[in-house]
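Novice: In numbering that gives the first Met the number 0, the protein residues as written are 0 to 59.
Source of the hints: derived by calculation from the structure; they are not laboratory data.
Accuracy of the hints is not assured; some may be wrong.
[As the list claims (entries may be wrong)] Pairwise CB distance ranges (calculated):
1. G13 to N58: 37 to 47 Å
2. V56 to N12: 10 to 20 Å
3. E28 to D2: 19 to 29 Å
We put the beta carbon where it would ideally sit given N, CA and C, even for glycine.
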Amino acid sequence: MPDTRICIVNDSNGREHTIRAGLKATLLEVNSERLAINPNLIIDASDNHGFIAILIVTNN
Numbered sequence: 000m001p002d003t004r005i006c007i008v009n010d011s012n013g014r015e016h017t018i019r020a021g022l023k024a025t026l027l028e029v030n031s032e033r034l035a036i037n038p039n040l041i042i043d044a045s046d047n048h049g050f051i052a053i054l055i056v057t058n059n
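Model the full structure from these sequences, guided by the hints.
Specialist: So, in structure tokens, the structure goes:
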């Protein structure tokens with residue numbers, strides 16, 4: 000569902016940001032291990048190693 004929470008990200012100021020799916024999709028993969036080791040990947044490598052999740056859009 001579009002409003003499904005994928006994760007919560009805490010920024011350097013301690014604020015929480017809820018990351019939501021934003022569309023109807025199937026969750027294929029979550030990058031939790033890599034991001035647990037190096038959370039800065041979300042900023043430094045968001046186009047490859049820093050992805051949060053991989054979703055496959057569903058039409059129904």
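Novice: If you test the structure against every hint from before, which numbers come out violated?
Specialist: 2
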